[in-house]
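S.K.: Residue numbers (our numbering), protein chains in the order written: chain G, 1 to 587; chain L, 1001 to 1266; chain X, 2001 to 2246; chain H, 3001 to 3222.
Simulated from the structure, these hints should not be mistaken for lab results. There could be a bad hint or two in this list.
[Unchecked claim] Quick list of in silico lysine-lysine cross-link-like pairs, DSS-like style, CA-CA up to 30 Å:
1. K2244/X / K1170/L
2. K2244/X / K2041/X
3. K2050/X / K1170/L
4. K2102/X / K2041/X
5. K2133/X / K1261/L
6. K2153/X / K2143/X
7. K3186/H / K20/G
8. K1142/L / K1170/L
9. K2102/X / K2191/X
10. K317/G / K1076/L
11. K2109/X / K1261/L
12. K1170/L / K2246/X
13. K2041/X / K2235/X
14. K209/G / K317/G
15. K2191/X / K2143/X
16. K1261/L / K2246/X
17. K317/G / K1074/L
18. K2050/X / K1261/L
19. K1142/L / K2050/X
20. K2102/X / K2228/X
21. K1004/L / K454/G
22. K317/G / K1083/L
23. K3145/H / K3221/H
24. K1076/L / K457/G
25. K2050/X / K1260/L
26. K1184/L / K1260/L
27. K2102/X / K2235/X
28. K2246/X / K1260/L
29. K457/G / K1004/L
30. K2109/X / K2050/X
31. K1074/L / K457/G
32. K2244/X / K2050/X
33. K454/G / K1074/L
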Amino acid sequence: MAETQVHAAHHAPSQGFIRKYVFSVDHKIIGIQYLTLSMVSAFIGMALSWAMRIHLAYPDFRIPILGWLSPNGAPNGLMTPEYYLSLMTMHGTIMAFFVLTAAPFAGFGNFVLPIQVGAADMAFPRLNMSSFWVTFVGFLLAAATFFIPDGPPLSGWTAYAPLSAVGSVAGPGQGLGQTLWVLSIAMFCVASLMGALNFIVTTLDMRTKGLTLSRLPLSTWAWFIDAWVSLLAFAVLLPCGLLLALDRLGGTSFFIPGGLVFNDQLQPHSGGSPLLFQHLFWFFGHPEVYIIILPAFGIVSHIFPTFIRKPLVGGWKVITFAEIAVGTLSFVVWGHHMFVSGMSPFMAMVFSVPTLFITIPSVIAVLVWVFSLYGANIRFDTPMLYSLGFVSLFITGGIGGFFLAQPSTDSYLHATSFVVGHFHFTMGLSAIFATFAGFYYWYPKIFGRTMNEKLGKLHFWLSFVGVYCVFITLHLTGFAGSVRRYSAFVDDFMIPLMPAQRFMTISALLLGAAQFIFLFNAIWSRFKGPKSSDNPWGATTLEWATTSPPPFDNFGGRQLTVYHGPMEYDDEASVMQTSPEASIAGT
Amino acid sequence: MAGKVFAVVVVLVTLVTAYCVVTHVWWMPVDISVHGPKIDHQIEETILVAGLLFIAGQIVLASFVFRYGGATGKPKQIPGGAKPLVIFAFVLVGTEVLALSFIGSKAWGAVYFEAPDPSSLRIDVQAGQFAYYFRYSGPDGKFGPLHPELINEGNQNYFGLDPDHDPDAKDDIVTAEIGIPVNKPILLTLHSKDVGHSFYVRELRVQQDFVPGLSIPVHFTAIQTGRYEIVCTQLCGLGHYNMKAYLSVLSQSDFDDWLKKQAAMQ
Amino acid sequence: MKTHQRIGATVFALLLIVAGLLRSTPGVRATAMGQVTGTVKLDGPAPHQKPIDMSKDPSCAQTRGGAPASGENVVVGTDGGLANVVVYISQGLNGDIPVASKPVTFEQKGCQYVPHVVAVNPGQHMTILNDDKTMHNIHPDPKPGGGNNAFNKSQLGGGPSLDVTWTAEEIAIPVKCNVHPWMHAFIVVVKGPNGVSGGNGSFKLENVPPGTYTLTAWHETYGTQSQKVTVAEGKPVTADFTFKAK
Amino acid sequence: MATTVYEPPQVERHLPYYSGKGGGENRAPAGGDLHAVEDRPLDPAQTGIRVALGAITMSFAALTSAMIVRQGTALDWRHMTLPSVLYLNTIALLVSSITLEVSRRRVTDYARGVQTQISIPMLWLLATLTLGLLFVVGQSVAWLKLRAEGLYLASNPNSSFFYLLTGVHATHVLGGLLALVYVISKLRRAVLRRSTFAAAAQYWHFMGALWLYLLLLLWAKL
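Working from the sequences, and respecting the hints, build out all of it.
M.R.: Structure representation (structure tokens):
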């Protein structure tokens, strides 16, 4: 009977290379695919930032490969302003969507979450497969913009209308490039919605026996909350993208007001509202930064107990409720991106208050991490170093939020490099550090081999110091009124800041170079790293209760039963969630 | 070992950052507006509050990592558990953010809720890819209506005025640089002819976006003569970085002369 | 190895010779070409040209050496000669009309276009240069569907030159620089010999094959005028135009 | 290390979402017998459809707010009269919900053994499918009508939103039709799980309710 076949097909690994490794329904393969995609994206995004930083600090330097890559955008390797903005737009888009949203959520979430809840796979494996491949097509569309004559769009990852809506009259890259961009983002929305749905249903319906919500590992909790946030946020970005696409291709005027004149020619639009676009975009855009950071919260909270050998202070509850609070509040603060955009000053104040109050759950989370270290026995393996680095970066990034949450101070700092420094700390590098923590932590589980610890530590130190050198300086130049998204500094004002620009560029080059240590380590260890045991860190959650790497259905047909919470640590001792032994830490 | 290094690095980074902020290595330029000190004060206030949290957070993190790195034996929880932490976050941070939002609202209100002085000098500002143009109403005190279809920048009709048919537009003075008298309330009306732009004068502590389709009022009073840069801070296309104009704050008599000269150039 | 090279060199040399022979046999009989010269005048007072305020970009003034700039819609010389008028043959040219081989240059200098009006054959190369210290974007806006492609490209100060060709005839493609909105110019794409009047209003059409033609003069403000001319072999013909001031 | 052996914890029966209820085993049993399938616990399909409906609600909320904002700020809004075929379509869609519900009850009867013929629920399902198709065809008739009046997508914001909302809704209805086809094919082979049917039915009813809401939104000149 048909149902039997489906049943059987689900539990037996598919044969053949294509079904097994390419169009695979196995959540582990899909997780690796997501991670690979985001690693490729991260290196592309980093290369773009290198090119931008070099151009900013040394405008006369001919960047070797660039001239060959785009003879139009960078003749002889000298970047034109439009190409700079294109690179900036694509850096933002690739990093925000295909790296920061994809890696810690879809990547690790896919690999780890079903195992952590003791399921054989996601609730909807085929939906899961399609969500990766739709993401992949979205990525290809975004990447394709580099290879069209007009180049990638230049309206930033926020793609404010009407710049993004009127088409090529608005400048180079705003024709086909922007259209492809909108399609790419729409693809990403669809994929994220499918992914979020899968995560939610898997967490709700697929948990194994005894795994109550209070016993969920903290990473699963974070992915679960995150799935809700992304479900609701991407459900708004998708129609927003649809309206933008209709304005571009269908001649409608949702976001384009009347009376616009480009190149002395009156445009045939009327009545649209650019502020409507900003509201719709930021209604997605602000939760998006929490979509990026919540999995990082989860990964770090999951890694901490293993390496401090005790539960987090406050158990699973405090940190989880902080995450829920952050996720909920994130939907009512979007207006703080629009303090200077002609929104009514009263609304600015209304948005300022929840924006400031979102610091309370964030501070609680930080306090939980920091004060869990009290009385702990900290082990400094690379995953833990990265988790500690995350906490430090997140504190620093959060501080900048105070300045941008208030309309009065934001009216000076808005659109300066202070903002760039702030979001790179809070959502960019924090999430990247948590991703690295997760990568070093789960690598033995994913590939059955251990990464080189010495290279890992070297990678950490260079990254940690590099991040501070680049992004603290961005904050400081922001105070001096250095405006972001400038492709060159011709202001009388910003020329004196050139030494700072050069310092940042050199730091960024070193920071980027350090990532090749990681790349080498990840690839080399895959083939030459020492074989890992099933539970190399002495951890307690279900992913460590199976082999490394896990078999096709994760537990070899076993139905696990869970007896404990995830944080059963006491110095050298630890109790597996599946072990019927007594609790030693009372979780 | 790694823990000690981590602690030292974190402390170093914190101190260097604090030093740079406190000694104003790169800092805001002189403030030339009446409302500006309120914003500056709020920034200082925030630096104090946020800076303390920053230093405290990093130092506590560093010291715990330093103290408990590589320890063995029975780990213990902080006395009292999470309760004091949550209370601390709600009470202390809650008070801080309440205070900030209260004082900040006052600063914001003092700048943006205040109705513009009725005697303000009104100037129409138009942003377009990639330049600002300014319009004074001339002796009649009236701005001529705008006809976007007539905009022809090559003929220097930047606003789309029709002086042949609109009497109000006849004496409108269009300039590429904005001159204002010192100590006089100024009321700008910002409108954009194509995409979003922004009006940012660091010394004035004014930043306001141009939103296509809207006319947005901005008012301020400058108290120091000089020539200051106006730059665009809202991504508007390839010439974004080069989109600027100059604000000349002049004495009243210099301003009158300047405006006469501009009128003669029309 | 050696033999291969030798064979290659021989073939290459042969190809060169053949190419040279082909080039030296022209499709059109090399007759002595005619020439049309003349002057364009403006009848009446020249309208006031507004001075341009370039304070937005201080580097413009630097390149200009302090010389003030003014609008160029109507540029009249001392004796009433009207500059920036394109004179071209609008009717009478038949068959294969040769394309001028020398590229025209189109410069951005002191934040204005030099020349303000440029005439070019379809297929003729056009070299765009930026002599300024600042960035300009070149934004020609031909009529949609007319066969010429619009583009919008920036050129850094002193950056590498751009090479452009136009495919279809079009009278007056407006060109703008959005960074310096006052900058505007016209590109006139016409087939056959053409000339643009200089500061004193004089123009010259060279290499005109003998025949009877309609000669048309185009000015951005005053429109077009036409007259018939007959060009004989080797003899210069004069044709003057007068535009009435509005 | 402690050695006490703990019993597996009690699974809370009344709060399925707060317990680890062994979802890993929650798969259809071998055999595919409809009577046996009945007793399975809650299926992920049903949770999934509810979550998906949440996302769809959010999307339409975004479109609604866009429409209200766009209508409130602009002077170029031209109210238009809705094509009357829309009301017929509405009736078709509402009736289809009823036929689907009848079919679902008949399937339950069949599973309980009250009914023995599978052809009766099948007929009701086919009726639902036909009515659903009628609705989609009717919506395209409405589009053609507007086009005949010279109202295109870009004509004015009201027509833009009309095409947009009806188009997006019709796309979702088409998705529902595919689900019905899937249900029919499962029913034909007698391997239909009641939860699958319930999920499809929830989606279908939601589309009807959503359409009523959209019709009201388009009809009311806010």
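S.K.: Taken at face value, is the distance from the CA of K1261/L to the CA of K2109/X at most 30 Å?
M.R.: 26 Å, holds
S.K.: Is K2102/X within 30 Å of K2228/X, Cα to Cα?
M.R.: Holds, because 27 Å separates the two Cα atoms, which is no more than 30 Å.
S.K.: Below or equal to 30 Å on CA atoms is what counts here, so check K3145/H against K3221/H.
M.R.: 20 Å, holds
S.K.: Is it true that the CA of K1170/L sits at most 30 Å from the CA of K2246/X?
M.R.: 20 Å, holds
S.K.: Straight-line Cα separation of K209/G and K317/G no greater than 30 Å?
M.R.: Status holds; Cα separation ~21 Å.
S.K.: Within 30 Å, alpha carbon to alpha carbon, are K1261/L and K2246/X?
M.R.: 27 Å, holds
S.K.: Mind checking the alpha carbons of K1074/L and K457/G for me, to see if they're no more than 30 Å apart?
M.R.: 27 Å, holds
S.K.: With the threshold set at 30 Å, check whether the alpha-carbon distance from K457/G to K1004/L stays at or below it.
M.R.: 14 Å, holds
S.K.: Going straight from one Cα to the other, do K2050/X and K1260/L come out at no more than 30 Å?
M.R.: 15 Å, holds
S.K.: Holds or violated: K454/G and K1074/L, Cα atoms, limit 30 Å.
M.R.: 28 Å, holds
S.K.: Just to be careful, I want the Cα atoms of K1184/L and K1260/L compared with a cutoff of 30 Å; is the pair within it?
M.R.: It holds: about 18 Å lies between the C-alpha atoms, which stays within 30 Å.
S.K.: Please verify whether K2109/X and K2050/X have alpha carbons no more than 30 Å apart.
M.R.: OK: K2109/X and K2050/X at ~19 Å, within 30 Å.
Violated hints for the displayed structure: none, as all numbered hints are satisfied.
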